[in-house]
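Trainee: As a plain string of letters, each chain reads:
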Amino acid sequence: MAQTLTEKLLARAAGKDAVATGETVLTDVDVLMTHDVCGPGTIGVFKREFGDSARVWDPRRVVIIPDHYIFTSDERCQRNVDTLRAFANEQGIETFYDVIDDPQGRWRFDAAAGPLTSQHGRRYAGVCHSALAEKGHTRPGEVLIGTDSHTCTAGAFGEFATGVGNTDAAFVLGVGKILLRVPESMRFVLDGALADGVMAKDVILHIIGLVGVDGATYRAMEFAGDGIASLSIEDRMTIANMGVEAGAKNAVFPADRATCDFVDAAGKANGTARPYECLSPDGDAVYADTTVIDLSALEPVVAQPPDPAQVVPARQCTDVKLDRAYIGSCTGGKGSDFDAFAAIVRGRTVAIETFGVPATPAVLAHLRQATLGGQTLWDILVDAGVTMTANAGCAACLGGPGDTFGRMNEPLTCISTTNRNFPGRMGDLQGRIYLASPATAAASALAGHIADPREALP
Amino acid sequence: MSEPITGHVFVVGDNIDTDQIIPAEHLSLVPTVEAEYRALGSFALSGLPVADSAERLVPEGEQTSPYAIVVAGRNFGCGSSREHAPIALGAAGVKVVIAESFARIFFRNCIATGELYPVECTHRICDDLRTGDELTVDLAAERIARADGSADWPIRPLGEVRDVIAAGGLFAYARATGLVARRSTP
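Sequence order for the protein chains is A and B. The opening position of the first sequence corresponds to residue 1 in this note's numbering, with each subsequent residue numbered one higher. The opening position of the second sequence corresponds to residue 1001 in this note's numbering, with each subsequent residue numbered one higher.
Isolated chain A (complex conformation):
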């Protein structure tokens, strides 16, 4: 029976030759990831169901990445990081990317130190989806389960990756397996290459606009076509990341040379390498539908509030006045996202309040090392008037506690490189969020209204 890439991945994990769409299979899990928001609840369910002295199925396959509510004075948030540390110690989980270096310590945030003082230790890894890739925990052929909806990001590496709740995650912690219904797949054939000023974010917003905010519900999104080779690994992560914004269970790219090079390098650098297998879909696999997208014909777009499917060309929204711009998150806070943003704001000044949050400490290091015209990216951003933080994390992408860096605490209109624009997403319930690429956010920050970045390219 001809298999889609998702079917191949689930069949492998279920120890079967083939699986059928709609079939429920019990699959092995290669990596379980959790973070500070859902980890403590997952641990609570694990202990309630398996007992206080229970052991996780395999501590080498559990990855714990605090990233959501870290740089806040909220005591419950700090307690939650301490809860993760206690569990990692108890279970011998070495892939716990703690906020602090002392395994016996307690995490306490110092608000008085200000956002430019880095407050975390050496192990801290930042936003989980970027960190999973950087630290070598994403591999072709595997099944990655995470307690976060954007776990689908890792589909960029040719694996099955999806988000679940605490109870499902606790089940995985105990038995190393999960029940999954095999989804049908929507196929997106990417042709050509993106024009200057058009980014991967525009590709996925275009797709979400086409299929709708629930158009891929219960389905897999599978990417194909010669255009994939023109997309960097980070581009593919951006596209897979927002699959869930169309309701998708997972979003997956076939692995190629670039994938393996990235995965091998990350595994080697972090001592996390292990053998993996690159799978490909069968040529005659059956898809729910196939959509051909000419990358060269796409233009910069924005998703208007109140949901990510309200997609229109940026050039049609120049009458939208902005109060704020925000660059950050698993979707739009990676190194290449800041590269594009910095190239546009270099030597100019933003017209509105603009916040920048690196996704990970590695992105921050990139900003401090990489240069453009003899100036570091960090200096370019600061000189342009961007309010930066040296504390990488999820920050205001999802609002968070009231003292979160960049949080919308009043009803502003904001252009953001993040992933969701539902009411209240970044804080204030009446705030209006326009989702856009880093290039569009940069051009708009300079203009003070939504702007087409092709007119602001250096």
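To be clear, the hints were calculated from the coordinates, so they are not data collected in a lab. Don't take each hint at face value.
Below are the DSBU-like pairs computed for lysine-lysine, each with C-alpha atoms no more than 35 angstroms apart in a straight line [unchecked claim]:
1. A:Lys177 - A:Lys47
2. A:Lys321 - A:Lys177
3. A:Lys268 - A:Lys16
4. B:Lys1095 - A:Lys177
5. A:Lys47 - A:Lys16
6. B:Lys1095 - A:Lys47
Derived contacts from chain A toward chain B, CB cut-off under 7 angstroms, selection only [as the list claims (entries may be wrong)]:
7. Gly44
8. Arg55
9. Asp168
10. Pro423
One side of the interface only, derived from the structure: several residues of chain A facing chain B at Cβ under 8 angstroms [unchecked claim]:
11. Ser53
12. Trp57
13. Asp58
14. Val164
15. Gly165
16. Asn166
17. Leu210
18. Val213
19. Lys249
20. Leu398
21. Gly424
Predicted, not measured: the structure shown is a model, and the values here were computed from it. Where a beta carbon is used, it is the ideal one built from N, C-alpha and C, also for glycine.
On the provided structure of chain A, position chain B as indicated by the hints.
Mentor: Frame of chain A; chain B shown alone:
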């Protein structure tokens, strides 16, 4: 669960995402801590934009809701994987959400936690009902009806999902079917 559920409905629209069900600022509450579980209930659906919710699901200062049933349009529960969402509704006393369609992770979390029944009704009843109307949900008969009997609609069968929720969620089901070892004597 075979007894019909009768209660007052709280009506919302399309694409009610998890930030509207439980705003992210409350995610520091850990659902397995009893007091924090109850606190989550007090914030259920508190992220609805004020203009859309003249009445709150849970009255200010209380932890439970006078509404046992939430009625919605398409794609209820889209967004994050936070299990806090079905838990907040369940902790508030909501027994059933009836929607035209559900987002996948929310639907799965309802089943895994056993907190509430996610019921799909292909008829868009959120346009017919108003907050405060009384409704009866009969899962066994696969129908919902106005409590006064003046209208009724078929619902999509929940199949074995109903048994999982009735059993109390994923773990109860997994023990019954042998996926997880049964508990030894408590």
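Trainee: None of the hints should be skipped; say for each whether it holds.
Mentor: Against the structure, the hints:
| no. | hint | result |
| --- | --- | --- |
| 1 | A:Lys177 - A:Lys47 | holds (17 angstroms) |
| 2 | A:Lys321 - A:Lys177 | violated (49 angstroms) |
| 3 | A:Lys268 - A:Lys16 | holds (31 angstroms) |
| 4 | B:Lys1095 - A:Lys177 | holds (29 angstroms) |
| 5 | A:Lys47 - A:Lys16 | holds (32 angstroms) |
| 6 | B:Lys1095 - A:Lys47 | holds (26 angstroms) |
| 7 | Gly44 | holds (3 angstroms) |
| 8 | Arg55 | violated (14 angstroms) |
| 9 | Asp168 | holds (5 angstroms) |
| 10 | Pro423 | holds (4 angstroms) |
| 11 | Ser53 | violated (13 angstroms) |
| 12 | Trp57 | violated (12 angstroms) |
| 13 | Asp58 | violated (16 angstroms) |
| 14 | Val164 | holds (6 angstroms) |
| 15 | Gly165 | holds (3 angstroms) |
| 16 | Asn166 | holds (4 angstroms) |
| 17 | Leu210 | violated (16 angstroms) |
| 18 | Val213 | holds (6 angstroms) |
| 19 | Lys249 | holds (6 angstroms) |
| 20 | Leu398 | holds (4 angstroms) |
| 21 | Gly424 | holds (5 angstroms) |
In the structure shown, a violation is registered for the earlier hints numbered 2, 8, 11, 12, 13 and 17, in ascending order.
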